[in-house]
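**Q** Chains A and B, in that order, give the protein sequences. When we follow UniProt numbering, the leftmost residue of the first sequence carries the number 1, and every step to the right adds one. When we follow UniProt numbering, the leftmost residue of the second sequence carries the number 1, and every step to the right adds one.
Bear in mind the hints are in silico, worked out from the structure with no lab data behind them. Be aware that one or more of the hints could be misleading.
What the hints assert, rightly or not - The following residues of chain A were derived to be distant from chain B, with all beta-carbon distances above 12 Å:
no., residue
1, Leu32
2, Lys74
3, Lys102
4, Ile166
5, Thr258
As the list claims (entries may be wrong) - With a straight-line Cα cutoff of 35 Å, these simulated DSBU-like cross-link-like pairs (lysine-lysine) come out:
no., chain 1, residue 1, chain 2, residue 2
6, B, Lys261, B, Lys247
7, A, Lys204, B, Lys83
8, A, Lys14, B, Lys115
9, B, Lys247, A, Lys211
10, A, Lys268, B, Lys71
11, A, Lys180, A, Lys225
12, B, Lys74, B, Lys268
13, A, Lys204, B, Lys247
14, A, Lys33, A, Lys83
15, A, Lys261, B, Lys261
16, A, Lys41, A, Lys74
17, A, Lys268, A, Lys97
Cβ atoms here follow ideal geometry from the backbone N, Cα and C, with glycine treated the same way.
Protein chains: 2
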Amino acid sequence: MSNDPNGIYFLGPKGSFSNEVADMLEGNKVPLKTISEIFQKVENEDNVIGIVPIENSLEGPVHETLDNLYKYDKIYVNSYVEKEIKLVLAVNNSINKIEDIKRVYSHNHALQEAKAALQRLNLMNIIPVESTSAAALYASKDREAAAICSQYAASLYGLRILMNNIQDNLNITRFIIISKKITINGDRTMIFFNVPHKPGSLYKALEKFYKYNVNLTMIYSRPLKVIPWQYYFYIEFEGELNDIRIKNLIEELRNVVTNIKVKGSYFKLQFQALDFLS
Amino acid sequence: MSNDPNGIYFLGPKGSFSNEVADMLEGNKVPLKTISEIFQKVENEDNVIGIVPIENSLEGPVHETLDNLYKYDKIYVNSYVEKEIKLVLAVNNSINKIEDIKRVYSHNHALQEAKAALQRLNLMNIIPVESTSAAALYASKDREAAAICSQYAASLYGLRILMNNIQDNLNITRFIIISKKITINGDRTMIFFNVPHKPGSLYKALEKFYKYNVNLTMIYSRPLKVIPWQYYFYIEFEGELNDIRIKNLIEELRNVVTNIKVKGSYFKLQFQALDFLS
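Can you build the whole structure from these sequences, using the hints too?
**A** Put into structure tokens, the structure is as follows:
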């Protein structure tokens, strides 16, 4: 496709869950170390996109993503993907049975998620590392080790999977695709705003959504940092900017909130994707 | 005082910012490793209190604290303390000048806060550890090391302070004192609730606050975990349960929200403290 992006930046390292999402898309894929670096690249280069996690069904919104969306006024959300996070217990090829495992590498969040299974299997020597894919890498180089990681990372680093689905809970992460082009069609729309520091100000903002019968799918507050104990709001709602009703809602919102940032409308990614870059 | 608590559990290790808050109180102080352990102890023992961080002016609410307040129906908030988080660059006594520092230990958050200073001083070999007080401990045992930590931790572990106030931003953490006794006097009140999964439900909750002219100081959402993409709300507002207006507000709220949890009213801690345990 002539409208392929010049680069697809995703949260690395290779084998991460973001990497799996990136593999749904065509283009030159580049892992980066932090969410903030992805936003910097998307801001400074032309015709590139970024893939970042925005929310997890157990942990809530990803603060680094929200803070960057709030910071970069020219970066928009074009699409989203939901991915179920499934974890496996994978071992170095030298290991034949669970009793041979001397060490288990993983990321702290994944270790939390697999806590019950680790106790049941009596795996007590746990080593927290920077990511689940780094855990797979370390286990591939340590003949006495296992990793808690994705099936994808296990296969990337040649580990053998001893157990599937060792997480305790249903765990879904939502990723967004970001670029410098705004999209105005979709079933969801994202905005950020501040409210004046006086009684009833958030109420007056939500009143507009009620008036237009628009359903919020998410409301979240984050500290403004520059002023202690003041916050900005992140709101996602059903509807699209291409709809006159949503346009009017946003115009009315401007009367009761400050610093409104409209981040675009978007659909769930359906694999053909990327037409918004044409 | 005969009404001193039998135990004051705080988030350790020794030398932590929670330890500094605990030192404002009289009683038998015990550091614990996690916020969740503190809630367990307060639930299971009689006449004890806990001290946990609830919110930071840069990072926002502390999720482990909110999730535990939501989980334990019989644990209430009795008081709060605001503490400015000041960081120092402290060194092992073998070190005479900044050029001698080979390694800098600290917690990730503190390293973020001191980033500009570390770059300016050309201190590039950074080792993230589990807490700022652990960093001080490690630096006390490593003749080539420095720590980014509190003045309190530096003095506890016999380090020499080379620079004060090396953090970039004004950084305030709010701590709460929790126990099994509800308090109904204060300038703030805390509640949690769920809203029905239909349009306008949060709006209808906030309408009650507007009707009673009650100012929210915080509103925050957290995933319910058991059902993906559903949330509970944490709200703190001005006023006290001892006031008939607030009592009526909460009764009316019950008509529009579900699973309401009232966590008590409380003042900022003023050092005499602890009378609520009588």
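**Q** Against each hint, give a clear statement of whether it holds in the structure.
**A** Now the hints, each set against the structure:
1. For Leu32 of chain A, the non-interface assignment is confirmed: its Cβ lies about 18 Å from the closest Cβ of chain B, beyond the 12 Å cut-off.
2. In this structure Lys74 of chain A is separated from chain B by more than 12 Å, as the shortest Cβ-Cβ distance comes to about 25 Å.
3. With a least beta-carbon separation of about 23 Å from chain B, Lys102 of chain A lies farther than 12 Å from that chain, consistent with its non-interface assignment.
4. No Cβ of chain B comes within 12 Å of the Cβ of Ile166 of chain A; the nearest lies about 18 Å off, and the non-interface call holds.
5. Chain B leaves Thr258 of chain A outside its interface by the beta-carbon criterion, the shortest separation being 17 Å against a cut-off of 12 Å.
6. Restraint check for Lys261 of chain B and Lys247 of chain B: the C-alpha separation of about 13 Å stays at or below 35 Å, so the hint holds.
7. About 33 Å separates the Cα atoms of Lys204 of chain A and Lys83 of chain B, which keeps this hinted pair within 35 Å; it holds.
8. Our distance criterion of 35 Å between C-alpha atoms is met by Lys14 of chain A and Lys115 of chain B, whose separation comes to about 27 Å.
9. A distance of roughly 29 Å separates the Cα atoms of Lys247 of chain B and Lys211 of chain A; the hinted pair therefore holds under the 35 Å criterion.
10. This hinted pair checks out: Lys268 of chain A and Lys71 of chain B have alpha carbons roughly 33 Å apart, not beyond 35 Å.
11. For the given pair, Lys180 of chain A sits about 25 Å from Lys225 of chain A by alpha-carbon distance, which is consistent with the 35 Å threshold.
12. Proximity of Lys74 of chain B to Lys268 of chain B is assessed by CA-CA distance (about 21 Å); at most 35 Å being required, the pair is judged to hold.
13. Distance hint between Lys204 of chain A and Lys247 of chain B is fulfilled; the C-alpha atoms sit about 23 Å from each other, no more than 35 Å.
14. Proposed proximity of Lys33 of chain A and Lys83 of chain A is supported: the alpha carbons are some 20 Å apart, at most 35 Å.
15. With a C-alpha separation of about 34 Å, the suggested pair Lys261 of chain A and Lys261 of chain B falls inside the 35 Å cut-off, and the hint holds.
16. For the hint linking Lys41 of chain A to Lys74 of chain A, the alpha-carbon distance of about 12 Å falls within 35 Å, and the restraint holds.
17. A C-alpha spacing of about 41 Å is found between Lys268 of chain A and Lys97 of chain A, which places the hinted pair above 35 Å, so the restraint is violated.
Hint 17 from the earlier list is the only one contradicted by this structure; the remaining hints agree with it.
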